[in-house]
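Asks: Each chain, written out:
2 protein chains.
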Amino acid sequence: MPPASSAKASHETPGSASGSRSPRAAASPDPLVEIQLGMAGIFADLADLLGNPSSLGSIYGLLFASPNPLSMEEIVERLGISTGTASQGLRRLVELEAVTPIKAEGERVTRYTAKLELRPFVSAFLNQQLLPRLGKSSDRLASLEEALGGLEPSDQEALRFRISRATKWHNRAKTFLPIIRRFLGST
Amino acid sequence: MPPASSAKASHETPGSASGSRSPRAAASPDPLVEIQLGMAGIFADLADLLGNPSSLGSIYGLLFASPNPLSMEEIVERLGISTGTASQGLRRLVELEAVTPIKAEGERVTRYTAKLELRPFVSAFLNQQLLPRLGKSSDRLASLEEALGGLEPSDQEALRFRISRATKWHNRAKTFLPIIRRFLGST
DNA sequence: TATTCATTTCATTTTGAATTGAAATCTCCA
DNA sequence: TGGAGATTTCAATTCAAAATGAAATGAATA
Numbered sequence: 001m002p003p004a005s006s007a008k009a010s011h012e013t014p015g016s017a018s019g020s021r022s023p024r025a026a027a028s029p030d031p032l033v034e035i036q037l038g039m040a041g042i043f044a045d046l047a048d049l050l051g052n053p054s055s056l057g058s059i060y061g062l063l064f065a066s067p068n069p070l071s072m073e074e075i076v077e078r079l080g081i082s083t084g085t086a087s088q089g090l091r092r093l094v095e096l097e098a099v100t101p102i103k104a105e106g107e108r109v110t111r112y113t114a115k116l117e118l119r120p121f122v123s124a125f126l127n128q129q130l131l132p133r134l135g136k137s138s139d140r141l142a143s144l145e146e147a148l149g150g151l152e153p154s155d156q157e158a159l160r161f162r163i164s165r166a167t168k169w170h171n172r173a174k175t176f177l178p179i180i181r182r183f184l185g186s187t
Numbered sequence: 188m189p190p191a192s193s194a195k196a197s198h199e200t201p202g203s204a205s206g207s208r209s210p211r212a213a214a215s216p217d218p219l220v221e222i223q224l225g226m227a228g229i230f231a232d233l234a235d236l237l238g239n240p241s242s243l244g245s246i247y248g249l250l251f252a253s254p255n256p257l258s259m260e261e262i263v264e265r266l267g268i269s270t271g272t273a274s275q276g277l278r279r280l281v282e283l284e285a286v287t288p289i290k291a292e293g294e295r296v297t298r299y300t301a302k303l304e305l306r307p308f309v310s311a312f313l314n315q316q317l318l319p320r321l322g323k324s325s326d327r328l329a330s331l332e333e334a335l336g337g338l339e340p341s342d343q344e345a346l347r348f349r350i351s352r353a354t355k356w357h358n359r360a361k362t363f364l365p366i367i368r369r370f371l372g373s374t
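Protein chains in written order, with the numbering used here: chain A, 1 to 187; chain B, 188 to 374.
Simulated from the structure, these hints should not be mistaken for lab results. Be careful, since some hints might not be right.
What the hints assert, rightly or not - Simulated crosslink set (BS3-like; lysine-lysine; CA at most 30 Å straight-line):
no.	chain 1	residue 1	chain 2	residue 2
1	B	LYS355	A	LYS174
2	A	LYS174	A	LYS115
3	A	LYS115	B	LYS361
4	B	LYS323	B	LYS361
5	A	LYS115	B	LYS355
6	A	LYS136	B	LYS361
7	B	LYS361	A	LYS168
8	A	LYS174	B	LYS302
Bear in mind the structure is a predicted one, so any value in this text is a computation, not a measurement.
Work out the full structure, taking the sequences as your base and the hints as a guide.
Replies: Written out as structure tokens, the structure is:
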């Protein structure tokens with residue numbers, strides 16, 4: 001099965017259910033679901049662009065296009081993904097504060113809505129993906145610098161320059177992150 | 188075999204070749220090669236952070252830490268990768284203008300050096316990876332907006348707002364890219 | 001407490017991307 | 001032109017990450 005975003009919907013709005021099914025583009029009879037799946041696809045691509053599993057994006061996209069909260073079961077059946085994927089994906093999205101769980105009183109299920117702000121998303125990505133990796137690389141660069149000792153003088157000079165160049169890149173990237181956050185995080 | 192960055196070197200600086208081999212950390216007897224492999228590892232991580240095959244980064248890192256140009260054969264044996272991977276990786280790096288091929292007169296082999304500037308790298312990444320994807324998403328969003336017609340009025344209102352919100356993000360990201368390029372691209 | 005449905009967990013499976021390696025092709029020199 | 005590398009190509013393989021699904025756990029009602 002293609003990793004989510006494939007159409008499988010059949011619930012909600014029982015009328016006009018089993019009409020003519022054209023071979024391809026049989027997408028969904030319900031225009032709302034159609035838009036939801038479209039949005040799921042868009043966010044799936046975005047997610048994997050940023051190095052996340054695309055199911056994360058699908059789920060967020062579906063919720064983003066849902067006027068009212070959805071339960072995990074609804075998510076599973078609309079996206080055609082497994083409960084395992086849905087459970088883990090929702091957990092992560094809640095951690096990222098991209099999605100809010102709602103436990104209504106007198107209800108057994110938890111329902112979820114997408115937060116419409118970009119900031120938490122971007123922030124989490126920068127803090128959890130980029131910064132740690134940049135930090136690790138910086139450390140490794142520093143330790144390489146200490147290994148310069150055993151080199152022939154000419155090589156030593158050349159490599160010292162290059163390592164410092166790479167270090168400068170890293171620092172620059174690090175100072176740049178807060179700027180990105182501020183810029184993207186106003187809405 | 189772990190995807191490159193594993194030690195396998197045995198050429199260059201023939202002296203002190205087969206000394207005592209401690210079980211782990213048998214890395215490399217030659218301090219230059221050691222630094223080169225370290226740099227290869229750092230750039231391998233960076234590459235896959237940006238969604239490129241890590242072999243690309245390994246090769247670039249090795250060249251970045253090489254005072255003089257290396258042939259494909261030398262790259263293959265130092266990184267322990269296949270000729271196929273090396274060939275394709277070098278081709279891509281040359282396309283990205285991250286690496287310069289040098290065909291010396293009276294020599295049969297092509298040798299390669301790393302460009303030490305960051306700009307072409309960043310530029311290529313932004314232009315080839317980010318911009319096209321953002322553009323595609325924008326188009327898809329636009330076409331979703333047209334599908335709003337068939338919705339109940341209340342849903343329609345809510346979704347129109349959300350789609351425009353997502354579109355705004357995209358535009359913001361697009362206007363932001365040139366700024367990044369300028370900022371990172373001075374060196 | 002027993003029961004039912006929702007959710008989580010995790011060993012297994014799938015899948016797509018990266019890598020391999022060997023054959024085909026190319027290039028240069030004799 | 002022939003031959004010896006150097007390089008490219010690409011079908012087959014490998015591998016890591018993601019997804020599955022079923023059993024275990026959890027939560028709420030009756």
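Asks: Determine for every hint whether it applies to the structure shown.
Replies: To see whether the hints hold, each was checked on the structure:
1. For a cut-off of 30 Å, the pair hint linking LYS355(B) to LYS174(A) stands: about 26 Å separates their Cα positions.
2. The straight-line distance between the Cα atoms of LYS174(A) and LYS115(A) is roughly 27 Å, inside the 30 Å bound, and the hint therefore holds.
3. A C-alpha spacing of about 22 Å is found between LYS115(A) and LYS361(B), which places the hinted pair at or below 30 Å, so the restraint holds.
4. A hinted pair counts as satisfied when its Cα atoms are at most 30 Å apart, and LYS323(B) with LYS361(B) qualifies at roughly 12 Å.
5. Simply put, LYS115(A) and LYS355(B) have alpha-carbon atoms about 15 Å apart, close enough for the 30 Å limit, and the pair holds.
6. With a C-alpha separation of about 29 Å, the suggested pair LYS136(A) and LYS361(B) falls inside the 30 Å cut-off, and the hint holds.
7. Straight-line distance between C-alpha atoms of LYS361(B) and LYS168(A) comes to about 26 Å, which keeps the hinted pair within the 30 Å bound.
8. At roughly 22 Å between alpha-carbon atoms, LYS174(A) and LYS302(B) fall within 30 Å of each other, so this suggested pair holds.
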